[in-house]
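Sequences and hints are given; from them, build the entire structure.
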Amino acid sequence: MAEETQFILNSFAFLFWGVLVMWMCAGFTMLEAGSVKTKNASVVCLKNIGLYAIAGIAFYLVGYSIMHVGVEAGGWFGSFRFGISATSAEQALAQGDAARAAAVVRTGHASMSHWFFQMVFVASTASIVSGTLAERVRLQAFFVFVAVLTAVIYPLVGAWTWGGGWLGELGFRDYAGATVVHSTGGWAALAGVLVVGARRGKFGVDGSVLATPPSNVPAVTLGVFIIWLGFLGFNAGSRLSLSGAADAVAVSLVVINTNLASATGVLAALALSRYVLGRVDLRAGLNGAISGLVSIAAGPELVVPMWACLIGAVGGAICTFGMRLLERLRIDDEVGAIPAHLGGGVWGSLAVCIAAGGHPGVQTAGIGAVAIFVFSTSLGVWWLIDKVMGTRISAHVEALGQDATELGIESFPEFILAPEPELPTDAAAPLRKGH
Amino acid sequence: MAEETQFILNSFAFLFWGVLVMWMCAGFTMLEAGSVKTKNASVVCLKNIGLYAIAGIAFYLVGYSIMHVGVEAGGWFGSFRFGISATSAEQALAQGDAARAAAVVRTGHASMSHWFFQMVFVASTASIVSGTLAERVRLQAFFVFVAVLTAVIYPLVGAWTWGGGWLGELGFRDYAGATVVHSTGGWAALAGVLVVGARRGKFGVDGSVLATPPSNVPAVTLGVFIIWLGFLGFNAGSRLSLSGAADAVAVSLVVINTNLASATGVLAALALSRYVLGRVDLRAGLNGAISGLVSIAAGPELVVPMWACLIGAVGGAICTFGMRLLERLRIDDEVGAIPAHLGGGVWGSLAVCIAAGGHPGVQTAGIGAVAIFVFSTSLGVWWLIDKVMGTRISAHVEALGQDATELGIESFPEFILAPEPELPTDAAAPLRKGH
Amino acid sequence: MAEETQFILNSFAFLFWGVLVMWMCAGFTMLEAGSVKTKNASVVCLKNIGLYAIAGIAFYLVGYSIMHVGVEAGGWFGSFRFGISATSAEQALAQGDAARAAAVVRTGHASMSHWFFQMVFVASTASIVSGTLAERVRLQAFFVFVAVLTAVIYPLVGAWTWGGGWLGELGFRDYAGATVVHSTGGWAALAGVLVVGARRGKFGVDGSVLATPPSNVPAVTLGVFIIWLGFLGFNAGSRLSLSGAADAVAVSLVVINTNLASATGVLAALALSRYVLGRVDLRAGLNGAISGLVSIAAGPELVVPMWACLIGAVGGAICTFGMRLLERLRIDDEVGAIPAHLGGGVWGSLAVCIAAGGHPGVQTAGIGAVAIFVFSTSLGVWWLIDKVMGTRISAHVEALGQDATELGIESFPEFILAPEPELPTDAAAPLRKGH
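Chains as they are written, first to last, in the working numbering: chain A, 29 to 463; chain B, 29 to 463; chain C, 29 to 463.
If you're looking for bench data, these hints aren't it; they were derived computationally from the structure.
Beta carbons: idealized from backbone N, C-alpha and C, even for Gly.
Hints may contain errors.
[Said to hold, decoys possible] To give a feel for the contact side, a few chain C residues facing chain B, derived at Cβ under 7 Å: (1) Ser39; (2) Ala61; (3) Leu121.
[Unchecked claim] Label pairs and their computed distance ranges (CB to CB): (4) C:Lys415 x A:Phe110: 53 to 61 Å; (5) B:Leu357 x C:Arg358: 50 to 58 Å; (6) A:Trp104 x C:Thr240: 49 to 57 Å; (7) C:Glu450 x B:Leu353: 43 to 51 Å.
[Unchecked claim] Partner residues are not named here, just some residues of chain A that face chain B (Cβ under 10 Å, in silico): (8) Lys67; (9) Pro246; (10) Val252; (11) Ala264; (12) Ala274; (13) Asn285; (14) Leu288; (15) Met334; (16) Cys337; (17) Glu448.
As structure tokens, then:
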């Protein structure tokens with residue numbers, strides 16, 4: 029087939045799959061806005077539209093260059109060039125200089141289509157952190173962390189792996205970001221929750237755990253459907269190519285494996301929830317879908333779909349156990365993002381060894397390196413933000429809700445809400461640091 | 029053009045249009061969750077995420093093989109092979125054996141892309157049943173029925189028609205599933221409603237009908253917009269090809285005819301609702317969109333779009349009359365899925381004779397055969413489930429809501445709801461069997 | 029590359045990007061339904077599904093022909109042929125006459141794919157008007173205006189520009205409709221608001237302005253995410269081609285510029301809102317996204333993305349100032365559509381001169397001509413509708429809500445709403461004409 033056709037198809041594929049991934053940001057928003065108490069839902073909306081904006085700009089200004097521009101083979105980071113733009117040949121071609129077409133076509137795809145696809149990934153990483161820390165992180169502090177995460181931390185992990193750096197050279201396998209995206213987001217969220225602490229009243233001094241059910245279940249469900257849809261693009265687009273029959277075959281396999289892993293994730297989580305959480309738990313089922321999707325992300329090109337069913341089911345199970353485990357550890361993860369994204373991400377990165385030929389040592393090294401780097405860096409950044417501007421809303425703001433106090437609005441001003449039960453007096457003591 | 033380009037485009041088209049159809053599941057969820065009483069909305073969410081998971085797995089395990097693998101010309105079913113996977117040539121190619129590319133390319137499209145497109149169709153069929161039976165079917169019973177519907181019943185209908193079986197051989201025309209998908213779903217729903225019965229209090233002993241308006245109109249509307257969007261993929265993807273100029277022309281015609289049929293469906297239903305239902309009825313208008321979409325599904329490749337306008341308008345009208353008729357027959361269809369999908373499906377399968385050259389006898393035979401088969405089988409399956417595990421929630425659960433009793437949650441726990449009006453005493457008697 | 033491949037890719041691109049733009053209608057619906065008082069949300073839903081239906085039919089019957097069929101070079105309008113359909117060569121090809129393929133392929137794309145892409149644009153224009161006039165315009169009056177707008181007014185502006193008419197000949201630059209779509213919608217909305225007037229009580233006789241916050245913030249946010257996603261298709265599809273490397277490069281640039289402009293629009297609007305509106309204003313941030321998207325629409329093919337950042341940021345700022353300005357002028361724009369679409373549209377059409385080589389005189393002439401034509405025509409049409417059938421709901425309907433009075437339903441019938449504060453007596457006087 030013609031090389032120019034290949035160029036168009038590769039570029040278009042990045043844009044198409046990228047649009048689906050961009051749509052995941054709306055999914056995370058609905059999931060989180062429906063999970064929090066109504067009094068915080070507007071701030072959740074603002075956080076999410078803001079994080080998508082910040083991630084796009086930060087990745088434009090520095091992130092992409094660090095991750096993808098001139099990373100030496102086996103290196104640690106790329107360039108710190110400010111801003112990105114189309115190559116000079118592309119610029120000339122776009123402005124009508126047809127003589128440059130051949131030079132452009134040889135590059136395989138439009139450089140900016142690749143940028144778009146990479147950018148929507150970084151936004152997903154930030155969404156994970158947002159979900160975990162909802163209802164007590166300060167808006168400005170969160171935005172500062174997002175800027176650092178998307179400009180520096182994530183791009184460095186990306187440079188090591190997809191950018192051609194040392195982990196990639198070692199042979200670390202991460203097709204669509206089980207480690208690069210989801211574990212990174214999960215570690216950053218975990219670091220954040222250690223600094224910011226649990227919601228007041230979540231964990232009683234007597235060891236009790238306050239149930240904090242979603243305030244808007246249809247919104248949460250819509251969010252999960254959006255994430256499921258977007259994830260098809262997340263994984264399929266990670267083939268990075270649509271210019272040959274092998275690509276078409278592989279991408280089709282990726283789509284069905286992704287869908288099957290999510291489906292078994294739902295069912296496994298639902299079935300287990302009865303025993304682990306004491307009832308058929310809708311939230312466990314929904315999180316199971318996400319964990320299934322994450323679990324298959326490291327190696328979704330499997331030729332035998334039954335493996336995807338198994339990997340997704342285990343992912344759903346891990347997520348359900350993880351939700352329970354976090355409660356035991358008194359770590360307060362609002363939406364269960366850590367079990368779904370970090371639990372699923374670690375499992376998926378290991379599962380590659382079983383189903384898709386990954387090397388156990390290398391996979392473990394990659395998981396460990398990203399864990400150490402992202403967790404420690406994030407902890408430092410959260411700590412610094414905490415010192416400089418504070419990461420935690422005041423008890424007063426937490427009691428009244430962020431919407432009223434930080435934005436001066438209510439999410440549903442016309443609806444009458446039930447008064448919140450008062451917290452027991454001892455729970456009213458600041459629970460900073462969570463445990 | 030190069031054969032490999034054709035292969036890529038065909039495969040990609042299945043994936044793209046399939047993603048849109050997958051998105052319809054979210055639409056059906058929003059439509060149904062917004063239609064039911066708030067006290068049942070969470071179970072609706074669980075039902076829908078669950079049905080999508082089950083449908084995917086059931087169709088993977090057996091459904092697809094029954095429908096598409098080795099159906100004899102004029103036969104009744106395909107193979108009962110367990111599980112599906114890429115062809116061996118595809119597997120080799122995906123794993124790097126470029127020598128197999130030619131053999132793969134000759135097959136026209138990646139086999140798993142076709143699977144994905146077919147799978148999202150079967151999920152839509154299950155969604156139809158879900159909508160009709162909301163608010164009184166037991167969750168587990170519904171899931172069992174979905175497994176049978178998507179593993180066996182739908183695949184058999186599919187084998188007769190699209191799989192190359194006897195109805196297809198006869199010349200039965202069903203481009204995108206007016207009969208195969210929508211009538212099948214409608215008949216299965218009708219059988220279910222006869223076994224499960226009406227909601228308590230829906231039909232008074234004095235012949236009165238209790239109004240059951242949607243609890244969340246914006247959610248219903250969002251659902252219909254999603255279904256409208258998804259239906260463009262539903263119909264356009266049913267061309268099954270995007271590898272020539274004729275395909276591009278046909279698919280474009282399909283998209284605009286589909287959109288026009290839906291548009292006239294809305295307006296016809298709205299205009300008629302004033303007379304048939306006594307007011308400009310939003311729900312009739314929204315259902316009119318769906319019925320218009322279904323009506324055109326049997327033959328959307330029309331070269332004269334005015335036909336699509338007419339077919340859609342009649343479809344919208346049928347749906348509005350059908351909503352009234354079902355009430356007269358004391359058949360309780362929560363979301364109006366039977367008028368929209370079965371009414372539109374039968375009409376559309378006949379309209380092919382007027383506008384697109386279908387044979388009246390063959391079309392009638394196909395409509396009738398599917399009606400008899402799906403209705404009787406579904407009735408049997410529902411009856412069996414009823415005997416074994418029960419299909420109907422108890423009066424107690426129905427009064428308190430499925431969310432609180434089956435899941436232990438509320439959809440909107442912070443919002444204060446108006447107390448429900450008490451049912452008259454005679455309506456409190458079990459209305460099992462509906463009439 | 030093969031000409032037939034180009035034909036397929038061009039046609040498919042219209043359909044794909046068009047589907048994204050169609051999705052914007054759901055976004056506008058959610059944005060508007062979440063912005064109005066709950067008592068009017070169902071009518072908003074009906075208005076939006078209705079406008080999409082009417083726009084599609086009106087544009088099919090006459091609009092497209094006026095805009096695109098046989099516009100003379102430098103002329104003012106095309107033909108008034110009734111209805112459109114595929115070309116005769118396309119019809120023959122779709123029906124199996126392969127001999128016509130060459131003739132079809134030479135036309136570059138399937139004619140109906142172009143129609144679809146153009147149709148979804150006209151629907152967006154109508155959505156803008158809908159948002160501004162919410163909560164006091166009569167449903168039927170609005171539908172009549174939409175029919176005129178989409179059948180005649182918009183198509184004439186389109187004929188002048190994209191159809192090849194006089195403004196296009198002059199060299200007026202409007203890549204994706206900053207003027208053609210967004211300013212047109214904005215002027216039509218402004219004319220409407222002058223005829224229909226402000227909501228009762230919005231502006232007190234003492235100069236006070238009643239705050240009218242959104243009733244459902246997550247719905248508004250979801251709407252903005254949908255619009256953001258759809259706008260990628262809006263701008264990218266306006267390349268009108270995907271058949272060469274230059275197209276792929278250009279479309280990729282368009283996507284990232286569009287995304288960056290929206291991102292900076294959000295941040296600029298949020299940052300400014302603290303000073304202009306007295307607080308970090310979520311609605312300003314969300315509108316800033318839309319205004320950023322509109323601002324870049326006139327020239328999104330920029331090769332240096334930093335320009336997009338700047339143009340979007342200024343667009344976001346203009347929108348925030350515009351929201352304040354309209355309040356000062358006592359013009360009641362429910363959702364801020366005029367600042368976002370008209371403010372962003374005018375700014376964007378001028379910004380083309382700075383960043384993309386537009387001619388200041390020509391751009392000004394185009395902006396002015398469209399302003400005069402659309403505003404005066406719309407004013408006349410609104411005035412005429414007002415005389416014939418009335419455009420304004422009665423004070424009684426306005427107090428009780430359109431849902432209960434016009435549709436006999438409630439959007440959330442089970443939820444208990446807070447009683448509305450009574451309007452001061454002097455505000456109860458009809459505020460017809462707004463000021």
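Exercise for the section: Just pull the numbers of the violated hints for me, sorted ascending. Expected result: Violated hints: none at all, because every hint is consistent with the structure.
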